[in-house]
Amino acid sequence: MAAADTPSATLRHHDLCSRGIRLARKMRSDVSDLLDIYVERQGLDASISVAAVDGVPAAAAERWAEQTGTQRLLDNLAAYRAFRTLLAQMLEEQREQLGDADAELGPALAAVLLQVSAFAYHLEELLELESRGAPTEEGSEPPAPPRLSLFEQKLRGLGVLRELAQWAVRSVRDLRQLAKHGPGSGMALGLLESQ
Amino acid sequence: MSCLPYFLYFKIIFLVILSRASCELLPCCASVLLPLFSHFSFVPLTPRILSLTPDFSTFTLTLKWSDNGSAFPYGLDASWEIEILRKETMEDVTRESYNSKLTHEDIIHSWNWKSDMPLECTSHYVRIRHYINITQFDGHKDWSDWSPVEPSGSGLFPQDTVVAVGSNVTFCCVHEEGRQVQRMSYGAKDYPLIRLSSRSSAIRVLNANASDASGTNIVCRMSENGMDGTVLFVGYGPDVPEDLSCETSNFVIIKCTWKPGRASGLYGVRGTKYSLIESISGKNVSCEVNEMKKERICGFPVLADQKTYSFVLGVSNPIGQTEASLLVDLNQRVNPETPEKLTVSGNSSTSVRLHWFINGSFAEIRLLCQIEISSGHSEQKLHNVSMPGGKFSTYTAQLNALHPYTKYRFRVRCSAADHFWRWSDWSGTEEHTTLEAPPARGPDIWRERSPSGKSLRIFWKVDRKLKMSVWSLMDFFVVFVADNVKTDRAVAMGNGIYISWNSYPNMTCGYIVKWCHSSGSEPCSVDWQKFPSNTTDAVIKSALFRPGVRYNFSLYGCKSSGYQLLKNITGYTKELPPKRAPNFTVEETSSDSILVKWEDMPIEDCQGFLEGYRLSFAKGEKDALKPRLLESGNPELKVKNITDLTKKSLKILDLQGKTSYQLDLQAYTAGGLSPPNSLYVVTKEDSVGLIIAILIPVAVVVLLGVVASIFCYRKREWIKETFYPEIPNPENSKALQFQKNICEGNKSLKTLEMNPCTPNSVEVVETQSAAPKIEDTEMMSSKTDTIVPEDGSDSETENHVVVSYCPPIIEEEISNPPMDEPVGLSQVVYIDIQSMYQPQIKPEEESEIDLVTTAGYKPQMQLPVSALKIESRSPAEEESDKTAGYRPQANTNAWNMDTPDSPGSVESNNENASFGSPCSINSRQFLLPPKDDEDSPKPSNTGWSFTHFFQNKPND
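Protein chains in written order, with full-length UniProt numbering: chain Z, 1 to 195; chain D, 1 to 956.
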């Protein structure tokens, strides 16, 4: 915590949060575009409801306001690590199914995957600054999903992208909270704000 | 069979029941009994299904059963009947036959059936029975037990399948008990549901269209937000590859290319797969191709000791497969790799050595390589060189006959020498400059001795490749100049100048044409051209030649003793019009001639060989606004053409005295006329004629005066008596006769005559008669006669005034009068002055007369008579009058206001109202009424005309 208390650490923390917010906003925008492309290319109905997909972390949190800054970062990191795996899987499936035929969806997916990876790395940096350290990925590796039919793959992809869009919004809010209260705020940020 | 006794029938059953086992116990029975019963059928055993296996991916059921064999040595014809039902509906899907031969062996038969819907959609049941010699047996045949295929699980079937475009596909949605299928869609469209069972519904898609790259989604929506889906890929089977071609570039890999033809519409794992099979060696390779490229490429390794390859390109996708084949002799399909590492070496001025490397093994063939040689001075040249091929070798070629000290650019490409197939790509370009060499000859020089002979000017043509030094020029440089060297004119030819000369036999070493380029003030730069001795003409060309510039050429003949000037030649590449006209002046003028002189023009201004002058002249004042003489098209323009160039003056004769002339002088060449130089000259007055013209009339007048004086003197008494009597006689005074009638027969009084001279009298008639006179018709219509005046005045009391005067010439045709217009309101009658004395016309003919009399003039405006009768007019009416095209120059109301109670009748008012402009024929009203008329009770004084004026004049 000593490192987190220095002015330079505070400055860096603020800088990291600001950049993270910009990254998350850009990611939100790109995922939104990707969703449009995805729905159109996969021939899906945009209003189709997708049930919760196994392995896809949900952005909704029961007691979001009571979470500490570190806890928020850990949740975000776990989610984006999961998205990184899921998006990589989607990209692979896309290449397998469409080959060279699709010149738009594949690159768009790859671009979002890159942003997710970058954001996960960004979160790891923030956790380092919190003197908390990022957890290893081995434990958070999701189990290999069962072989799905093509239609199920399409739906799962849609679910992943929708949830990623939700997470991008949540990440912006989480990082805003973190930026407000500085590094090392052990207390629940929402509660701090209410005090 | 009907003729068979029953016992026999049972016996047959017995025998069949005995079957093979019985015959094994009694080996002789078959040989004994079969001939006996060969014409009879046997009661078949009930078959037993060994297995019924579904293949859900292909919708296929595989049925297996055993025929149990036969005890008879002869094969029996067995027919199997198979029936398939679907559950719940117990729909008899199909009943099919299968024939086999019953032999001694117990054979397990297998039969496949492909369903038109996924087997998962509902349960299927299969049973089987059979006959032996079916044509002769109609007895009882037992079915086997039903063999079921019970699918498990739920979902939408078929899952992720591929079908050909145009296929009919059935999709079924299998769900849990208690749920209901609400709708099923194929793509974006809902299809009608087909209920298969309590837990299965289906849709049938007919003639499916090609799907998108990601397939067409089929979604089944069920109650309780249940949803299942599947993806169908609809595409085409692979097309036969086109233009299959195989070649090698290095004898390591054979590269085969082809065009895929129609796209299958299937991508990724369902995309078209290619494999290259070499049938001689039996080897095959799988080809990785890019589906989005038009041309596909696949490599096959070159096999040792195999020159001929028989390729079969297998093409397949989930819908079908096809192939293309090609037989090639590899030595005839060599397209070598691009030569690389090209280097040029050489220490010669005329030859170089080229080295390059080709990445390939061409040891068994010869190579033909082509070297492209290019330099800045000459066109590209190709040099072919054949050489034995090598294994990943460097090749060398030598090039000779190059120019010394020249920068060359080289590049190389190669092919097979013996069986040309294709050239490789060109190698990179390499530059090399050959070494210098001693010059083969000296420079082209010319020498000119100064007129004094003390100095010599040397000219040479620059050869940039040669380094030049002046050594001794004191050799035999002799130029013979003849005294009478003539000068010829040269002819322009194209962009050069054609020069010809006679052949001079003693000129043994050719001719030289020398000329000089002069540009402005710079000294003339000498140029020359040499010709062999057998030449007698040449076209001299030079980039420095300019049109309109005179060039002087000197032709020298070369002989052993030196050069001899043979002749001079002048010429133009193109003659232009002279830049300007020569300056000219008027030397002398007289009353009928002008002498002009002009100066010579400098050669630079001529721009061609001067051919003459053109002097144009015509009467004309010096006026800058007037068009130029040559452009005016003046018919009096006279032109004199002077072709004698030695003539520098010209006298223009036959001119008029005291007249201004414009003179234009132009020079002209074959290229055209120069701009003109203009002068204005006034010829002198002819004084003799003038004197004569004055003196003769003066003399005549004097003479007449003298004669008259003499006559008058001698007749003075008679003159006095005649012209100046003591008592004058008025009858002798003719000067007063015009007062009687200025228009009757006295034609001498021209000054008082109106043209045309119509009766120029003014008649004022006052009548008490009710009968209208002919004059009245001019002013009154028949309608106006019927109008009763409001004041009760009778028409008998009215005074008519007819005023006539010499009208202007009226040529206007009358337009059709508005006949429907109330005549009493607007009808105005006009009279032709000349018809004043027409005979009296009956009243009923008046309308016709109106028409006649109104012809010949159309008033500019017809004033409403009512306006004259009614004092107060509505403003609207006034406005309408204002808007009319013409209005009188005086207020007609005012005129009537002055005499409201005058004895004048309506008709008399009409007279007034009808007056318009004084220029008009109907202008009978005073525009400015005389003051004495204002109080006059007699409207007869209201008339006005010129004739009236003349008549009243004496009273004045």
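Treat the hints as calculated values from the structure; they're not laboratory data.
Among the hints, a few may not be true.
[Said to hold, decoys possible] Incomplete in silico selection of chain D near chain Z, CB under 7 Å:
{"id": "1", "residue": "Asp212"}
{"id": "2", "residue": "Ala213"}
{"id": "3", "residue": "Asn217"}
{"id": "4", "residue": "Thr230"}
{"id": "5", "residue": "Val231"}
{"id": "6", "residue": "Gly265"}
{"id": "7", "residue": "Tyr267"}
{"id": "8", "residue": "Ser275"}
{"id": "9", "residue": "Glu278"}
{"id": "10", "residue": "Ser279"}
{"id": "11", "residue": "Ser281"}
{"id": "12", "residue": "Ile652"}
{"id": "13", "residue": "Asp654"}
{"id": "14", "residue": "Gly657"}
{"id": "15", "residue": "Val701"}
{"id": "16", "residue": "Gly705"}
Here a beta-carbon is modelled for each residue, glycine too, at the ideal position from N, C-alpha and C.
Status of the hints after comparison with the structure:
no.	hint	verdict
1	Asp212	holds, 6 Å
2	Ala213	holds, 4 Å
3	Asn217	holds, 5 Å
4	Thr230	holds, 5 Å
5	Val231	holds, 4 Å
6	Gly265	violated, 9 Å
7	Tyr267	holds, 4 Å
8	Ser275	violated, 17 Å
9	Glu278	violated, 27 Å
10	Ser279	violated, 29 Å
11	Ser281	violated, 30 Å
12	Ile652	violated, 92 Å
13	Asp654	violated, 96 Å
14	Gly657	violated, 100 Å
15	Val701	violated, 120 Å
16	Gly705	violated, 126 Å
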